[in-house]
Amino acid sequence: MARHRRDDETILRIAQMRYDQRLPQNEIARALDISESTVSRALKAAMDLGFVEIQISPTGLRDFALERRLTAAYGIDLAVVVQPRSGGAQTADVLGRAVARLVEERAQAGAVIGVSDGDTVAAVAAAVRRARSTDVDVVSLIGGVGAPQIPSHSSEVCRTLATGLGGRAWQLPVPAIVDGAEAAAHLKATSTVGAVFDLMGRANLALVGIGAINPLATVFRHGVIPSDKIEAIATAGAVGTICGWFYGPRGVLIPTEFDDRTLSVSPRVLQRVPMRLGVAMHATKAPAIKAALVGGWINAVGLDAETAEELLRMR
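7 is the number that my numbering gives to position 6 of the sequence shown; each next residue is one higher, with no gaps.
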């Protein structure tokens, strides 16, 4: 006999409560006024019907040996390193989910999480699920780069992460770089923008992307800084960029003509955040990541295994 559609809907609802909302079976039973054995049978049915699939979690794809070697080599607080998954999810998605679990653990009541822009940071934000507490503030650390609707835009990353955690989003409603220093100072003095900058100073976790000095870096790719400036910035000694700021091989800030026009967390404020987690992929970024670690821009990393190996070779 065919099942009633309502039966499938109930099974799916129970599966969502268990695996999306992470509710214990006894709480599901109480919320739906059913027995725990009914919940258990529904979860088994969800598996049989294909509503739920079992797969290796991102934690299962982490390379703990590489993580230990990295933390020892660079003296950092934490490393998340994932191996590529053949025939499955893209490595960016796996890394995003692995780092997302860490963010969820750190999202305790009263936490303030700062986020930058970038593709890898966006992958983390997209993978985050409800935290232990919804009393969490997520704040953009840099103004907008690119079209507001793209997933890597700082406002979209902030909104996505806050929604996933069930917290509050504090977006920075300004471009990352404005036309002049006077305009930047005026915007910072407004109550809306000023409140966001004030909250940046209270962050206890910063999740930031790391860019190399090449056309693929977010600030160049989206035209915030003209691509014809890349050579001049590199000649000045820059090897990496975080939140619109540039730094050299030892992590020392490299001044540019854009600094007084940049609307982003200041390096001084960023480096006071207790956990500064830089996420990046591709071995070509290793010099930028190493410099960020040496200079104290970040004290934790989320990487793919190839990039981690390259960092160890450079050490």
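Quick caveat, the hints were computed from the structure, so don't treat them as lab data. Source: prediction; values computed, not measured. Beta carbons: idealized from backbone N, C-alpha and C, even for Gly. Treat the hints loosely; a few may be bogus.
[Stated by the list, open to error] Per label pair, the in silico range of CB-to-CB distance:
#1 F65 <-> R316: 12 to 20 Å
#2 F65 <-> A186: 45 to 53 Å
#3 L79 <-> D34: 23 to 31 Å
#4 R203 <-> G51: 55 to 63 Å
#5 S36 <-> L79: 21 to 29 Å
#6 S267 <-> S41: 47 to 55 Å
#7 R314 <-> P152: 57 to 65 Å
#8 G167 <-> T236: 52 to 60 Å
#9 D229 <-> T135: 17 to 25 Å
#10 T191 <-> Q17: 12 to 20 Å
Verification of the hints:
no.: 1; hint: F65 <-> R316: 12 to 20 Å; verdict: 19 Å, holds
no.: 2; hint: F65 <-> A186: 45 to 53 Å; verdict: 47 Å, holds
no.: 3; hint: L79 <-> D34: 23 to 31 Å; verdict: 43 Å, violated
no.: 4; hint: R203 <-> G51: 55 to 63 Å; verdict: 45 Å, violated
no.: 5; hint: S36 <-> L79: 21 to 29 Å; verdict: 42 Å, violated
no.: 6; hint: S267 <-> S41: 47 to 55 Å; verdict: 53 Å, holds
no.: 7; hint: R314 <-> P152: 57 to 65 Å; verdict: 32 Å, violated
no.: 8; hint: G167 <-> T236: 52 to 60 Å; verdict: 46 Å, violated
no.: 9; hint: D229 <-> T135: 17 to 25 Å; verdict: 46 Å, violated
no.: 10; hint: T191 <-> Q17: 12 to 20 Å; verdict: 41 Å, violated
This entry does not satisfy hints 3, 4, 5, 7, 8, 9, 10, going by the numbered hints stated previously.
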